[in-house]
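Undergrad: Could you build all of it, start to finish, from the sequences and the hints given here?
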Amino acid sequence: MGQTLAEKILSHKVGRPVRAGELVVVEVDQVMVVDSIAGSFFKRLEYLNATPRYPERVSIVIDHVAPAANLEVAKAQKEIREWGKRLGIRVFDVGRGVCHQVLIEEGLAQPGWIVVGSDSHSTTYGAVGAFGTGMGATDIALAAASGRTWLRVPESVKVVFRGRLPKGVTAKDAALEMVRLLTAEGATYMAVEIHLLDGAEGLSRGERMTLANLTVEAGAKAGLVVPSGEILEMYRVPDWFYPDPDAHYVREVEIDLSALTPRVSVPFYVDNVHEVAQVKGKRVDQVFIGTCTNGRIEDLRAAAEVLKGRKVAPWVRLLVIPASSQVLEEAARDGTLLTLLEAGATIGTPGCGPCMGRHMGVLAPGEVCVSTSNRNFRGRMGAPDAEIYLASPRVAAASAVAGYLTTPEELEETHA
Amino acid sequence: MPRVWKFGDQINTDDILPGKYAPFMVGEDRFHLYAFAHLRPEFAKEVRPGDILVFGRNAGLGSSREYAPEALKRLGIRAIIAKSYARIFFRNLVNLGIVPFESEEVVDALEDGDQVELDLETGVLTRGEERFLLRPPPPFLLEALKEGSLLDYYKKHGRFPGE
Chain D
1 MGQTLAEKIL
11 SHKVGRPVRA
21 GELVVVEVDQ
31 VMVVDSIAGS
41 FFKRLEYLNA
51 TPRYPERVSI
61 VIDHVAPAAN
71 LEVAKAQKEI
81 REWGKRLGIR
91 VFDVGRGVCH
101 QVLIEEGLAQ
111 PGWIVVGSDS
121 HSTTYGAVGA
131 FGTGMGATDI
141 ALAAASGRTW
151 LRVPESVKVV
161 FRGRLPKGVT
171 AKDAALEMVR
181 LLTAEGATYM
191 AVEIHLLDGA
201 EGLSRGERMT
211 LANLTVEAGA
221 KAGLVVPSGE
231 ILEMYRVPDW
241 FYPDPDAHYV
251 REVEIDLSAL
261 TPRVSVPFYV
271 DNVHEVAQVK
281 GKRVDQVFIG
291 TCTNGRIEDL
301 RAAAEVLKGR
311 KVAPWVRLLV
321 IPASSQVLEE
331 AARDGTLLTL
341 LEAGATIGTP
351 GCGPCMGRHM
361 GVLAPGEVCV
371 STSNRNFRGR
381 MGAPDAEIYL
391 ASPRVAAASA
401 VAGYLTTPEE
411 LEETHA
Chain Y
1 MPRVWKFGDQ
11 INTDDILPGK
21 YAPFMVGEDR
31 FHLYAFAHLR
41 PEFAKEVRPG
51 DILVFGRNAG
61 LGSSREYAPE
71 ALKRLGIRAI
81 IAKSYARIFF
91 RNLVNLGIVP
101 FESEEVVDAL
111 EDGDQVELDL
121 ETGVLTRGEE
131 RFLLRPPPPF
141 LLEALKEGSL
151 LDYYKKHGRF
161 PGE
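Keeping their order, the protein sequence lines are chains D and Y. Position 360 (the first sequence) corresponds to 360 in the UniProt record's numbering; numbering is contiguous. Position 14 (the second sequence) corresponds to 14 in the UniProt record's numbering; numbering is contiguous.
Keep in mind that the hints were calculated from the coordinates and are not lab data. Treat the hints with care, as some may be off.
Within a straight-line C-alpha distance of at most 27 angstroms, the following computed BS3-like cross-link-like pairs (lysine-lysine) qualify [unchecked claim]:
no., chain 1, residue 1, chain 2, residue 2
1, Y, Lys156, Y, Lys146
2, D, Lys13, Y, Lys155
3, Y, Lys45, Y, Lys6
4, D, Lys43, D, Lys167
5, Y, Lys83, Y, Lys73
6, D, Lys75, D, Lys85
7, D, Lys311, D, Lys282
8, D, Lys43, Y, Lys156
9, Y, Lys155, D, Lys43
10, Y, Lys73, D, Lys43
11, Y, Lys6, D, Lys13
12, D, Lys280, D, Lys167
13, D, Lys308, D, Lys282
14, Y, Lys83, D, Lys85
15, D, Lys308, D, Lys280
16, Y, Lys6, Y, Lys83
17, D, Lys75, Y, Lys156
18, D, Lys43, D, Lys75
19, Y, Lys156, Y, Lys83
20, Y, Lys156, Y, Lys73
21, Y, Lys45, Y, Lys73
22, D, Lys167, D, Lys282
23, D, Lys78, D, Lys43
24, Y, Lys146, D, Lys43
Not close to chain Y: a few residues of chain D, all C-beta gaps over 12 angstroms, as computed [claimed, not checked]:
no., residue
25, Ser11
26, Tyr54
27, Gly168
28, Glu217
For clarity, every value in this text was computed on a predicted model and none was experimentally measured. For each residue, glycine too, the CB sits at the ideal point set by N, CA and C.
TA: Following this line, the structure appears as structure tokens:
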């Protein structure tokens with residue numbers, strides 16, 4: 001029987017054919033460490049009395065609370081810079097951006113690579129064909145120290161996206177629909193293998209990152225997008241790098257992009273996905289556009305298109321946080337930034353922003369936020385009873401203008 | 001006698017330790033005091049070493065933050081029983097040396113506040129006169145757990161179990 005893409009990648013790494021269910025130890029091509037666990041990472045290296053085996057394969061990104069919000073964080077980040085220098089590890093400092101966006105921009109995830117990151121959304125690297133997976137501080141320290149990690153070769157779920165997105169519908173809507181269909185535990189321990197067909201291969205790298213990013217919300221170990229379209233122009237994709245036609249999948253799911261409508265994930269579960277039309281009218285206090293899920297230039301442009309010539313509702317705070325310094329520069333160069341500012345947006349330092357409720361937009365009791373991020377868990381962005389609605393940058397922008405949850409199309413009708 | 005702290009399905013790592021109470025936010029010596037701060041604020045004060053946590057389906061989904069289970073370890077939790085686990089959380093438990101038992105029946109049978117005894121090696125759980133048998137963890141994990149945790153195993157042997 002043939003192999004899935006996950007089996008192919010891990011077979012090439014191990015040097016013999018492997019099957020779903022086997023435990024393997026593989027060489028790791030890139031170890032990504034985020035600021036919030038760097039202290040634990042260093043402590044574990046010290047405990048092992050080890051230094052990174054291949055320092056050039058380790059990157060630390062200061063993004064989860066950047067710039068430092070308090071003294072504890074400032075001390076932790078100072079420690080990162082000192083350790084980085086001492087061990088010869090790459091450090092991406094305050095303002096460079098969200099870890100996953102930065103690693104992709106820096107070419108530190110490539111087709112066929114194993115990338116382990118101390119952040120659950122490390123599945124994002126699958127957008128370019130890297131086997132990206134999230135782990136805790138101990139696993140990450142062991143991977144850095146040994147240059148290897150252990151993995152159970154995952155079973156795979158095949159998700160086929162077919163056709164082209166209608167105007168006003170985005171990769172975020174497609175990703176939320178995928179999570180709805182798979183559920184929050186439907187791909188646990190598995191790889192989600194994403195096939196883009198019949199027009200869907202036109203999705204950009206950034207849009208593929210949104211899809212791969214959200215596979216972890218279905219429990220996935222990795223989210224692998226089969227290379228096509230612009231990925232083939234941007235990366236050297238090995239000849240063997242495709243799943244076999246007779247590969248075995250635990251489950252196959254089809255999503256017709258051309259029939260999709262704007263989606264929103266309703267608190268407190270990411271897989272609680274509905275059409276925006278079903279929950280529109282919810283009064284909004286804050287709108288957050290950014291993160292590893294939707295803080296890229298195409299996302300900022302999509303928001304600017306909706307916001308052009310409009311103003312944010314007086315009771316709404318619109319926070320826009322570009323996913324990286326490159327994104328911010330591009331938005332400054334092409335005028336996107338000015339459009340956002342004229343509409344009343346506040347621009348934050350590239351990084352994770354308020355996604356996990358630590359700074360730069362923490363929610364007060366009872367507040368409602370429309371966010372382009374990836375988790376709407378209870379208390380995630382602040383008060384336990386604050387509500388987070390996950391949506392696309394277009395829906396987020398339209399909701400900022402209206403002051404309640406809505407789509408750009410509804411906004412047109414109301415104002416026509 | 002150890003008591004059971006029972007939670008429902010889909011308990012995520014933000015529930016176990018909200019992001020704003022990460023060690024690098026509040027200090028290495030304090031973060032565990034915020035375990036379940038939103039869901040059960042009394043937990044960190046009342047939990048006793050050796051108590052057993054019981055979760056439903058997809059335990060520990062969400063963020064990879066190892067400091068969530070680490071907070072539980074600090075509070076003396078040495079075993080968890082769940083119907084099923086999210087994968088990063090499962091790995092983190094093994095890495096920290098908290099034994100992850102899995103059983104639909106036992107989770108359904110246990111009530112919050114139950115007084116129980118659990119033998120971590122044999123998986124025998126007793127509640128009064130009742131006896132339940134939990135399946136011990138797979139060999140790879142057991143080997144690691146024998147040394148305390150996967151970290152301890154690697155420190156001692158310089159390799160992963162079975163390598």
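Undergrad: Would you mind confirming whether the straight-line C-alpha gap from lysine 75 of chain D to lysine 85 of chain D stays at or under 27 angstroms?
TA: holds (16 angstroms)
Undergrad: Does the alpha-carbon distance linking lysine 13 of chain D and lysine 155 of chain Y stay inside the 27 angstroms limit?
TA: Since the Cα atoms of lysine 13 of chain D and lysine 155 of chain Y sit roughly 24 angstroms apart, the hinted pair holds (cutoff 27 angstroms).
Undergrad: For lysine 45 of chain Y and lysine 6 of chain Y, compute the direct alpha-carbon distance and say whether it is at most 27 angstroms.
TA: holds (16 angstroms)
Undergrad: Is the straight-line distance between the alpha-carbon of lysine 78 of chain D and that of lysine 43 of chain D 27 angstroms or less?
TA: holds (15 angstroms)
Undergrad: Does the claim that serine 11 of chain D lies outside the interface with chain Y hold up, using a Cβ gap greater than 12 angstroms?
TA: holds (18 angstroms)
Undergrad: Between the alpha carbons of lysine 43 of chain D and lysine 167 of chain D, is the straight-line distance 27 angstroms or under?
TA: Roughly 50 angstroms separates the two Cα atoms, so the pair is violated.
Undergrad: Taking 27 angstroms as the top limit, are the C-alpha atoms of lysine 6 of chain Y and lysine 13 of chain D close enough?
TA: violated (41 angstroms)
Undergrad: For the pair we were handed, lysine 73 of chain Y and lysine 43 of chain D, check the Cα-Cα distance against 27 angstroms.
TA: Judged against 27 angstroms, a Cα distance of about 16 angstroms means the pair holds.
Undergrad: Would you mind confirming whether the straight-line C-alpha gap from lysine 156 of chain Y to lysine 73 of chain Y stays at or under 27 angstroms?
TA: Given that 27 angstroms is the threshold and the Cα spacing comes to 21 angstroms, the pair holds.
Undergrad: Tell me if the straight-line CA distance from lysine 43 of chain D to lysine 156 of chain Y falls inside 27 angstroms.
TA: holds (17 angstroms)
Undergrad: Against the 27 angstroms threshold, does the CA-CA distance of lysine 156 of chain Y and lysine 146 of chain Y hold or violate the hint?
TA: holds (12 angstroms)
Undergrad: Would the hint linking lysine 308 of chain D and lysine 280 of chain D be met if the CA-CA limit is 27 angstroms?
TA: holds (22 angstroms)
Checked against the numbered hints given earlier, the structure breaks hints 4, 11, 14, 17, 19 and 28 and satisfies all the rest.
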